[in-house]
Structures are given as structure tokens and as C-alpha cells.
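S.K.: Protein chains in written order, with this note's numbering: chain A, 1 to 1038; chain B, 10001 to 10764.
Calculated directly from the structure, the hints in this document are not laboratory data. Values in this document were obtained by computation on a predicted structure and should not be read as measured data. Accuracy of the hints is not assured; some may be wrong.
Stated by the list, open to error - Label-pair restraints from in silico Cβ distances:
1. LEU10276/B <-> HIS361/A: 55 to 61 angstroms
2. HIS361/A <-> ASN10290/B: 37 to 43 angstroms
3. ASP537/A <-> VAL10364/B: 54 to 60 angstroms
4. LEU10276/B <-> ASP871/A: 55 to 61 angstroms
5. LYS10205/B <-> ARG684/A: 42 to 48 angstroms
6. ASP10212/B <-> GLU476/A: 27 to 33 angstroms
7. LYS1001/A <-> ASN10167/B: 54 to 60 angstroms
For glycine and all other residues, C-beta sits at the position ideal for the given N, C-alpha and C.
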Amino acid sequence: MSQQGYVAAPPYSQAQPGMGAYQGGFGSGPTQPLYGHYGGPPQAFSAPPAGMMKSSVAPAASMPLSPGSSQYNPNVQQNGSHPQSYPAPPAVSAPYGQPPHSLYNSMASPGPPPTQQLTNQMSSMNLGSHVQGLQSPPPPASSVVQQPFQTPPPSTMAPPQMPPGLQSPHMSPLMSPPQSPPASMPMASQSMAGTSMAGMGRPFPGPPPPGPGGFQQPGLGSAGQPGYPQQAGQFGGYMAGPQQNMPGAFPGAQSAMAGPPQKKLDPDSIPSITHVIEDDQVKQGGQVFTTNIRGQVPPLVTTDFTVTDQGNASPRFIRCTTYSLPCTADLAKQCQVPLAAIIKPFASLPKNETPLYVVNHGDTGPVRCNRCKAYMCPYMQFIDGGRRYQCGFCNCVNEVPVFYFQHLDHMGRRVDFYERPELSLGSYEFVATLDYCKNNKPPNPPAYIFMIDVSYNNIKSGLVKLICDELKTLLEKLPREEGMETSAIKVGFVTYNKVLHFYNVKSALAQPQMMVVSDTAEMFVPLLDGFLVNYQDSRAVIYNLLDQIPDMFADTAESETVFAPVIQAGVEAFKAAECSGKLFIFQSSMPTAEAPGKLKNRDDKKLVNTDKEKTLFQPQKGVYEQLSKDCVASGCCVDLFLFPSQYTDIATMADVPSHTGGSVYKYSNFQIETDGEHFLRDLRKDVQKSIGFDAIMRVRTSTGFRATDFFGGIYMNNTTDVEMAAVDCDNGVTVEFKHDDTLSEESGALMQCALLYTTIGGQRRLRIHNLSLNCSSQLSELYKSCETDSLINFFAKSAYRAILNQPLKNVREILVNQTAHMLACYRKNCASPSAASQLILPDAMKVFPVYMNSLMKTAPLVGSTELSTDDRAHQRLSVMAMGVEDTQLLLYPRLIPLHNIDVNSEKPATPVRCSEERLTDSGIFLLENGQSMFLWLGQASSPDLIQSLFNLPSLAHLQGHMCALPELDNPLSRKVRSIISGLLEKRSNSMKLQIVRQKDKPEMLFRQFLVEDKGLHGGASYMDFLCYVHREIRQLLT
Amino acid sequence: MTTFPEYIAQNEERDGVRFSWNVWPSSRLEATRMVVPVAALFTPLKERTDLPPIQYEPVLCSRATCRAVLNPLCQVDYRAKLWACNFCYQRNQRGPQMPLVFLYVVDTCMEDEDLQALKESLQMSLSLLPPTALVGLITFGRMVQVHELGCEGISKSYVFRGTKDLNAKQLQEMLGLTKPSAAQGRGPQAAPQQSFNRFLQPVQKIDMNLTDLLGELQRDPWPVTQGKRPLRSLGVAMSIAVGLLECTFPNTGARIMTFIGGPATQGPGMVVGDELKTPIRSWHDIEKDNAKFMKKATKHYESLANRASSNGHIIDIYACALDQTGLLEMKCCTNYTGGYMVMADSFNTSLFKQTFQRVFTKDVQGSFKMAFAATLEIKTSREIKVSGAIGPCVSLNAKGPCVSENEIGTGGTCQWKVCGLDPSTTLALYFEVVNQHNAPIPQGGRGAIQFVTQYQHSSGQRRIRVTTTARNWADAQTQIQSIAASFDQEAAAILMARLAVYRAETEEGPDVLRWLDRQLIRLVGEHTCRVSATIDPNRKQLIPVFVFSVRSLVFNNSPDESSYYRHHFNRQDLTQALIMIQPVLYAYSFNGPPEPVLLDSSSILPDRILLMDTFFQILIYHGETVAQWRKAGYQDMPEYENFKHLLQAPVDDAQELLHTRFPMPRYIDTEHGGSQVRLYLHHLRSRGVTSAQRQCDIINNFPVQTLLFAPVPTPIHTCRHDQQVKSFLLLLFSGSLPALQSEPLPDPQQHVHLGAGKTLTCNL
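Please model the complete structure; the sequences and the hints are all you need to start from.
M.R.: So, in C-alpha cells, the structure goes:
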């Protein structure tokens, strides 16, 4: 982990050469937020929003904000065109046929409407639902949103309810000339409480945009193609700017859930992630992505594609926030788009992709540049008849070692180009020589130590027995090296409460031996021989042991535990055995026994929303800091399985795991019936994961830029070496880059990630990933090559790190500001001139605001006393080590309708947008975000469905805590179960299936994942956020 | 009228007491002039078949107003261990039956062969323990393991770092021996003994378990790199053993038996580092203040010894290694607690095996001969006070009217604690006559001394043995002859020697030598003391020889050996102690029955077999001719059966000695020209010179051979003049020195040289 806090190294450091000043944070820019991706500009406009937020806070409690926001929703528009860089896929019409695109028609309508007209249009837009709202009796607050789905609108102007796919792009009369121009405003006003009126009036940032209305089709004559605006490729979507300011509309973290019936702009009109995903899947799904082109933007993480490595690392290993770097630091500073790569060095590859080749140069080891030590790779240019090569990174000319010499062909390429992976591929491995080993000794195979808390709670819950039983079979499946009969991984066992019990399970023993170490103050390993054993050899003794453990402690009354000594014991064991490895710790509670690392309850909800809130996320200093260091030094990865019944100070307890490439799993109020299987799935995945140990990673870059900051489950002793006790297939390290100098468009930007690690078989290897990016002096290129999923990964990690040092409010502010800034910069520099009232999003970033908004509503970033401190800390730490897939899914869960599923289709069910409005009373939905999984049952779900899924006559018969669907022999049940098991299989974490009925209390849990809606614990809806951002953009532009 | 020697022998036989003087000078002044103080060697558990086998402490009714004594008319509930007083009907707990506790502390850093032998010895010992005895096992190497006993399905042990000392409280917590608060409310009053039962359990219950445990005991598994000693956490292991008993069985007889295969190399109590290239300290290092671990280690073991002794626990040390193991530093452990110190080359020797077995010797009733947690109290008549005791005991700091202000040995008290006793354990007690010159004691007055020994018999009962002795007072002015006649030179020699050893242990070397020499001069040079002058020279002729020998006992050998010899010298009874300082030499030949011969090289004849008993060694030496005959196999020829008998006779005698001696002596069978003969010569040599002329020769590096075969010492009383005494002393010093290191014998020339120089500077 970088020692530098967020303050010291803001992501946008390259934007400001004088970073020193920025680092000062508190001192330098007086109004400058500590955390920010902005260089200079933020000062200019960060103040107003702050003020606004303040003003918004007051009325927030009294709820009328919602009407305020609703008022502006109508302005939202979408123009979902795609960048031209992608060939227009033939299937495009299908996704575009969906409701949002109905708007395109009108947008494409000739001539920009005058301002007034815009207003009218907006009102009219609103009209559909508005009118309906008036016509229908006032529905209960919570169901309002569903109204449009329940009853078809009386007006033809409200088409969003059209089933997706059926809607023709042509039949969108929505934006046709206004019907009742003034209706909307007055009505909205009337429905507003006085306070909000006042608020509304107050903070208008500027005069209403004089420009043309929001629905202008900028500079395009292609109106002839309804629905498919062929505007400049880089334009993503257009949105009408809000006419008026909306006080407190955003960030209305506090806005109440319940409110009067709201008037909504058709939500389908704003950019949709599900559409983007679907589009990309349609366009690139099932295709081969060949990595032979520099700066090529890969398909989305959600898209199902195949990679052929032809010189650049697969996007599964490295993804970048943009594939076209700005040539200069100034440009980078100007656009504020972070330059970062998310590296998942151990990403698992699908079966149809070739595993990495292993290159063995024998005793000489890999060929490396003499100056910068970069490893031989496709970017080395062979010259002088093959006798020398020029390093692509530092341009140093090196002699080719004699053993490595090869002639060049007429193209100047080595004749053995295709025979040598290191010359032709983006990713490959070298066998490391002894120089790369600790103490110049070949490493021993790694070891897994299972450390089971046998205190009262774990015994009582039956967990200990569950673990012991599972281990017997699980240990048969330890990961093993390709082609090996058995796993080389050694296993060891420790149980503990206030003291530690080590077990000698040497195969020669008739029965296991237990060795108790009570000296927790100075932990040591009491035995060497027989502690870490080969499972196959010692199976009988281990079986014996695992059978005995639950009985041995069956009568325990010990409720206190230690924790730091447990980890220390693992470290000592690895040191003694001279190997690296992983600890699986199954801990029930906060360690309160008298020992190093003893913790006390420091949870304090009063700190939430204060400047001291950050202390809730900060680990306790001292013991654990040193422990992390020790762990990394000896290649000891810590995986923590927590089974708490109350606060356990995860911020501290997870500190070591989060620095050693480990994971933290949390099962609150663990009950074997409901959580047992869930936990076991996690454990199985965790044990069987492909993983490398005792790793050290170095990211080298070509001249002109360099890696400056790293985020992940890592430990950093210096500024360049990323140390990881272990790195598994799910660990992603986010690397930020800064300019050193000007980059050349011609030579582009190269990066090489070298990971030195020990394989599960005990071999020392070097894994190399190479990636080449474009460079451009045109910002439009950059925006075109942006990758939203990666961007959001970066923002999530940087914000989550920032909250350790800054008030959450600042962090959120900065996130919004930077979002606005990035978009404003695009608007200013890349988009064709258009009315200021239009929200113009770069195509590659058009769903960026959804993610950003979702990010700000995540537990760590939302200041709510209702959320458990542990959960927040837990999520914060888990995200830090996530790759792009995981953050994408986390921030935009999949919501899959099951009630209308085609049971015969092979195709996966199509997810819908994460919004309440997409739910129907009669529907059944599956929601998952990689961490949690819900089966939502609408109130009015058909008894047939319930019967097929649950074998129950009706929803009312559904009993309490079901955590799996019964295995029923009918097509629907089979299909649904296969979808669920497919997801469980695919995700890195197992998820507990929670079945919630509409309107039941647990539904709240489910609802917080509907990220397009207003946050349960605060945070704006997508629509509100977009409007707010738009307003910010406009401010920036004026 | 019996002679004094007969009188002395009778008294010893009956009381186990031998006084240096059997008639006491009646005034303080006279007494101090006698050089040898009034002192006694007391063997508390002297075996007496005629003593009533059991002596109960009277068991009293617990009602304060009753205090009736348990009697045959009381109702006794044996199961509940209750008895009802037949006078007041109070129900009384029967006096607690003390369990015997044996805690094995076993080093695992040794060769497999040694470990195997040790394991077998230990397993064997289990069968010798009474079934109710509690046993415990602590093993150590790099770590220290306290084994939980009686676990089924899994063997459990508590492991401790070998480098960190723990106090009793910490240990108690770490072993989970604290009064279990967790156990409260669970189960009907979980017996308070439950917790330590995990570590100390009755043999009958865990016999098999412990046998298996011992069987599975492995050599310390931690790797030892080349050029290093194994890391041996002896200091912590002993500390844990002491701590475990301290918090579980205070003031109950318990025996910690420590088996070590080498020196402590880490943690508190380490005596040498783990680098093999740095040898363990020698006297030379100690003198040069170059023994960097010694002081700290000694302190550590001393504190352990104090803790153990104050709880009544015994610490035994069985050290089997070729090199030193740190007995010097650890000696307090055995010496304060009455434990045994046994030194051998390997656990796989009969020396160790038999010695260890002999620890468990039983009497006719089948009880161990050892006794536990004893206190010895001395009461004296008014005219005499006790100055102190020297032996395996510690002071109980009991002040009283009979405590002298003059301390000799462990003084300032009239009560001592002797944690471990066996029938031969003998304490030296020193007295001071305090009667003033002007307060004459009437004719025929007697002074009395009572020894009250309370101890825990190995049956678990507490017993008391009371020994009361009385001696006549005599006025030195008028009855000097009778005082002189009562002089017991053997007792005196040993008592003086003990004192010398004690001073050697507690004071700087040269001072002790000087003191010893001065005492000798005073005693021998009769002009200094009227009383001693009047002693029949024949009755004190042995004294100088003894004292001379003591010098070598005190000041030769390696530090460990010295500690070892001193340990045994300080606890053995008079006869054994005498052998130690004056080996016995028997000659076997065709010329007659075996006869004691002079301890001199002149005793070596080609046709003789010599049997020498030095207490620690028994050597059989075949003269040149005998050896040749034996080599030729005459003993196997029927016509030379008498030769066979001749060969067998010393062997049989040796066996007899071997069977009774504790510790078992090293048995050496050698012959003329044999490799072990040097040991023989060594003993002869160290005692073999008399004349001033020779002494000068020695000092001038006279060839050693001459020294070895020098004639027998002429009786000391011929040395009447100062000059002669001086010469004699000079001789003594040089003579003692070749024995500085017994094995291997360095170049004798060098020895003599070194020795001469040293003694000359410090004495003359």
C-alpha cells in the first residue's frame, strides 16, 4: 500500500506540476478540497456547490426537495449514439428501439426550438406521467413510480411503458409540439412546499440558458434518419440542460424516501447501462478481440468475448481508463480524466483462451534491458542485424546476449518471432532464476494454514464442526500445478481462543498432537516438523484431528479471543518453514483477550457526518501495521472469515488482509441453516482459487510518463515496488500514471507489468504483461478511447482511500466536481457548439454519471447512521482490491426479470435497469451485484410462478428465511436455479440468496441496490444527479 | 568402660550423630582455641530397624475447646476421610494424605541412542512409583513443552518459548491453572484440583498414556546447523517445572527430576552460547572473569532453587554428557533442595541407569527410602548454641535462644528445610560453646542437643524423628586430656572439609586456601593450641592428609566436576565422605587374603590386583604379570582355577560396592599399560609425596614419574617444626595440582609448573 495518502497523491497529480502545493492540501489552496481530481479549476466552482449543498441540507428534512428535483427531470434527454470508431452493428436497431430512442425522433426534428419551446417541451414531456398522476387517484407514495407500468397511460405521449423491443423508434410522439405548455411549471410549484419554492429561487447560479433547447440535434443534417442521430461520433448523448436551478435536488442525500407523487421525466430517456451493456454484447459479444493494435479499446467487461493475444496483454489482465493518453501534462490537467490502468495479473482466462506460455532461459534468466531492466517483450526493436536491440521503454541500445542471438528477416523482425512468446505476445511468464529468490534459495511450495476460532460462539453456532467436516473434502481439491497429480501445497491447522493450539499431524503419528501456546504476547511456532504437511500423506491423522476438534472444545466456555497473535503465529510458521502461504482465519468476534492487538469497541455513530468520520475507517495503529509488514515480508496472505454478532472493528481487523492480498468475508449473525452453504461456497472458492505468493510487482513505462500511485491489496515499502503477500485471480491493482514529459503520438505509450511470484507448486516465476497505448494531442481522441468501467474503478478506489483522510462531504463533492469537469471539458473542447442547456456526454462515458452516482451512494461514501460501521469499512476494503468487473457489477447490479423468462431459451435473461420503476407487482426479479443476491417477489406474483418455484400455493405461504430454491422438477424452477447457480459459479464471491417479498420489511435491503433511485440512506436518484451535474457543467462553461 | 572409638561408633549407630569432640570444653574461650569447633555430622534418616515403624504426629480434634487425640474408639469414615471425635462429636477431616509428586523434566536435544536409553529408564521408573504418586512430564529443547496427561485421541502439550522466563503467575495463567472462573456455574463444583490434574496425574491412571508419550518422544526436531550446539532451553524448563509445582503443590513433597544431555544454550540460565567454537567456561575463564553467562545463570538457578526449597520441592539433576553441562551454575538447585546431582557420560551407561533406578530404592515396607519436605530443628542446652549447618538444606530463618550469633555455614537459625532426604543424607551442624569462663559447670554436667526432624514420609504421612544427644562438659584447664581423647578425627576432618567446601563455594579461592592452611597449621603445629597439642598424634594424623585431599576436592577438576564432587561430599555420610577424600586401596594376590594397602604407587606390584574405591570410581588394576597371565588365558584352564578366583575376587568386591553406592561409581577395569591406568595413577600421584626434598624437586619440575612412585607419607606428627610444616604445605599444594583436570590429563610437566607457581604465590 502506498504510504502516501490520497492527499499526498491525488489522482490528478499530473494535472498540476506543482503537486507539492496540492499535497499540502490543507495549507495551499484555501478553498481547494483535499481530495480532488482537479488541478486548479476546482476552486473556481467548488464553492458554489458546497453552498448549495448546505442550503439543500436544511430543507432536506422537510422533503419538498423531491418535487423540486422532479421539476427538472423532464430536461433529461438522451441521444444514445455510438462513436464512429465502432462500426455500426447491424443489430443496433433492437436496442435503440427501446423507449429512450423514441426521443430521438423529436430530437432530430428540424431546427432548434426556442427556449420557450424547450420549456414547453419539457412540460410536455412530463405531461404523460403528469397527466396520469392527475387522473389517477393519488396512489400510495411507494407505488407511484410503478404507475406507468401498471396502467397504460391514457395519453399517446407516454410511451415509455412500451415493452422493450416492440417499440419502434418512429412512434415517439413524445416530443412533438407541446400540448399544454405552462402546465408543468405551475403544477410543480403548487405541489411544492413553500420552503422549496424559496430554495428554488435562491441559488440560481446564473441566468437561464439563452441558447436553444435541450433537444437540439447539434449540427446535424441527418434528421432524415429518425432515431439514429448520426451526429459527430464522439458525442454520446445529449441532454437538455435544466432551465432552472434545483435547490437541493442534488446531492439530496437526505431527501426522504416518501414524498408526494412525483412527476417524472421518462427515465428511459437518460443513458442506460443495461442498454450500453447490451449494445456492446450485441456488437462484440462472441467475437474475437485481437490485441494487435496499439491503443485499441476493448469490449466492455460485461461483454462475452474471446481474446487472442498478439502483442498486447488481454484486457482481462490490464484495462485502462483511456487507451489514448494525452500527449502533454497540460492536456491531462485540462481534461481531468484520470490516467490509470487496472491490472489483474492473475486474472483467470476462459477455457478457450490459451494459458500463458512459460519461457525458460535456463540459468541466464530472462533477457532484460541493461538500463531500465524491462523484460524482453514485443516492444524491443532489434537492430544491427539482430545483434542489438533498442529498449522500447528507455530507448537504451543493448547487446543481444549470444545465446539469444537470432537473425532478422526482411521486415527487420527476428526469424524466431513466432517461436518466442516474449517477442510476439502481450503476456507470458519467465522461469525465474535463483537471483529472483529469497536468499538465493529456490522457494518451498506454499502452505495453507487453517486457523479456527474455537471460542464459545463458534462452537455454539456449529461453525467449527462445519469447517472441520468441509475441510476433509475440500483439502482434496487444493489448487495444483498444471499436470500435477496432487497439490504441492502444504497444510497446517491451528485452533485458538485466548490461546493458540497448534497440531502436529505428521503422517507417522498414530494420533495428532496438540501443542498449546499461551504466550500470546510473544507468539512463536512450537513445532516445525509435522505442522505443515502434505495432505495426501497425512490424511489419516488430519481426518482424526478434524473429527476431534469439535468435540475437544464442545464444552468450552471461553468467549474471548485473540487475533493479532494468530496472524503472528502464521507468519512465524512460514518463516520457520521458509515458505510463503495463506492463512484462513475463522474468527467469531473482536479480539478482546489480553494480548497484542486487543481491540475495543470504538464504534461511534455520532461521528458520522462529521470531520472525524474518517476515524471509523482508519485502522488502529500499532500492532497491525507492523503485522502487515511482517506478513508481506514473509509472503503470508491472510484471508479472514468473520462471524460477528456485533461490532468487530473491521477497519482494524481487515487491515492485515487488505495489505496482504487477502479477502475478508463477513457473515453477521451466522446461522448454519441460512448461512452455512453460503459460507462453504465462499470457502471452497477461496481455497481453490488460482493464486501466486510472495509477489512483487513493478510497472515500467516508456519515457514521458510513469506509474505514480497504486491502489489494491498491496503493501508498498518504496514508491515503485508493489509487494503482495499473495495475488489471486480476483485481485486487481489500480495504477495511476502521471506525465513526466511529452508523449509522442508516433511512438505511443508502453507499459510493462512484471510480477515476480511463487507458484502453487513452489516455482519462482516472472509474469509479464505488456500493453501499448496511443497518445494524442487531441482531447477528443482521449474521450473517444475512454473506458467507463475502468474509470469508475479508479474513482471508487481513490475515493475510498480519500475517506481515510478527509471528510466524506469533501470527497463526494470532489467526485461530483470532477465528473462535471471531465464532461465540461469534453463539451468545451470536443463537442460541436451547441446550446449550453444541452447536456452533452462523450459516448464512451455516457453512463459514467450513473456509476458515479451509484458510487456516491455506496455505504462507505454515504454518511448514514443507519449503516453499520463494520459494513462500511468492509465494503471500503473489499473494493480496494477489486478489478474492473467487480466494481462495475457492484456499482450497477444486475436486475433480471424472471417472471417472463423464456424457459427454453439458452440466452441469458436480459437485465433491466436498477430502478423501482422496472419492478412490477406481478413480477419476480433476481438482483445481484457480486456481493449480495436477492429474489424479489412482487406482491401480485402469479401463484403459478410461486408454485413452480417454491411448490407453495401462494406467496403468503412462503416461510421466513429461505436461502435456496427448492429443487423442483419443472422448467421454470430448473431455469431459475440454473441462472442462480450460474451466477454463483461466475462471481468471485458466493452470494447468499435472500428472498424478499414486495412490501416486506427485508425489501429495504433489496431496494438499496436499485441504484438509479434515490438512495435509501441518502443520495440522489440518477436523474437528479444528472441534472445536478449538468448544472455544474454549465457553470463551468460560463 | 568402652573406648572413645567404640563410644563414637555406638552413638553413630544409634543416633546417626558424630561429634568432632565428644567431651566438650566448658568455656567459650577454650572452645575457640580448639581450632576444630564442636560440631556434629547428623544423618536424620539414619536407618534404624529397631525404631517403631510409624510415628504419627498426634491427630487432634479440630474443635478448639476439645483437642482430643484420635484414638481407636473414634468412628472413622475412610471413604470420606472423616473421623468423629468420641468426646465432642466433632466431625474432623482426616489429616491430608500428601501425594507424592514426580515431575520429569526431559531434555530432547541428544543423540537418538541416548534419548532411547533415557526413555526406557523413564518408562521403567514409572513401574517403580507407587500407583497413587502423581507424575508429570516436561520436555524441552528449543521450546519447552508441558504435557497434559490422560488425553484421549490426541496428545496435548503446552509449549513455551525457551528464551523467556515466566513468573509463577504468568505460568499459572498460561497453563490455565488459575481458579477457573469459566468453570463456575458449570458442573457440580468442579474439583479445584481438576485443572492441574491435567499435568500431574496418578501413575495408575496414566501409566499407559505416559508410557506411550515417552515412547513417542522425538529428538528435538528443530534443525541444528553445523558448528552450532542445539538450542537447549534448560533454564526455562526448570523454571516452568518449579512454577508448575509451586502453584499446584506448595509444601507438598515433590521431586523435579531433570535429565539433561548438554548445557543450556539459550534463554535465562544459559551457560554457553550455541557456537561450538566457543567452549564452555573453565576455571581459567572464571578466574579471568571471562565466563560471561555464569553470573546470570547462577542467579537464575539460585532463584529457582530458593523457590523450590521454600515450597518443599526437590530438584534432581541427571546430567549425561561428555562435556560440562553447567552443573556449576545449577548446583544450587540440588544443593538447596536436597536433590541429587548425577553426572555421567551418557544416558546409555549403566552408571546412569543404575543410579537412576537406585533413586527409587524401597525399604522393607515397600516405601521409598526418600523422604520429602523435611524441617530440621535444633534445640540445645543453655551452654551451647548452634552456629549453622552445612549440607543440602536452606535456612528457615527461625530465630531462637539457641541460635548463635556466630554463623558457620547456613546460620542464624535453628530450623532448616531439607526438601529431600534419604537415609544417607548427612548434615554438618556447627555449635558454639557460649558458657563463660567464669561460670563453671559442675562436675558431671552434660550438654544436650536435640534434633527434631519432621518430614513427609514417602507413604504420604508426616513423621517426626527426634534425636537427643548429650555429651559431658569438661574443664579444659583440668581435664584437657579427656577432651583431647574425645577427639574424633574422622568427624573432624569431614566437618572441617565441609566448612572448607562451603567457604570455597561462597568465597574467593585464595582466601579459602589461606584459611584452610591456617587451620591446618594451627591444628598440626601444636604450639598454637594446647588442646590440639594434647591430642594423641595418632588420633589426628589423618587430618592433614584429609585436608590436603580436600584441597584437591575443592580446587581441582573442571568447574562442573568440582560442583559434582562437592555436592556429594556435602550430603554423604561420614564413611562415604571419607572414601571420597581418602580412596581405599585393596590388594589381591596369591600371597594371602585381600588386604588394604597404602595409597601409593609402591603398592603397584606385577603380581597384584589392586581394587581402588574413590567413591566416584571403582578401579581394578591388574599388575603386569597378572595381566600377562590373564591375556594368556590361564584363568580358563582348570589347573589354574586359583588364578581364576584371584581374578574374580576384586570383581565380586567391586560389584558389592557398585550395588550399594549412590551414585553408582564408574567402574574401570584396567591393567598395566592399559589406557585407563592413568586414572589410577592420578589418584596415587595426587597423594604420593612427602619429603621436603621431593617437594623441592617437584617445584623444580622434577620428572613426574618420580612423583608418581614416591613413597608413602610419613606420619604427619613427625613434622614438628614450623619449617617442616611449611614444607609440608608447599608439598600439599603442588601435590594437589596435577589433579586440576582429571580427564584428559594434560602434560604433567605443565601441571606441576603451573601448580607450583600458583601455590607459592598464594601461600608462602
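S.K.: Does the structure break any of the earlier hints, and which numbers would those be?
M.R.: 1 and 2
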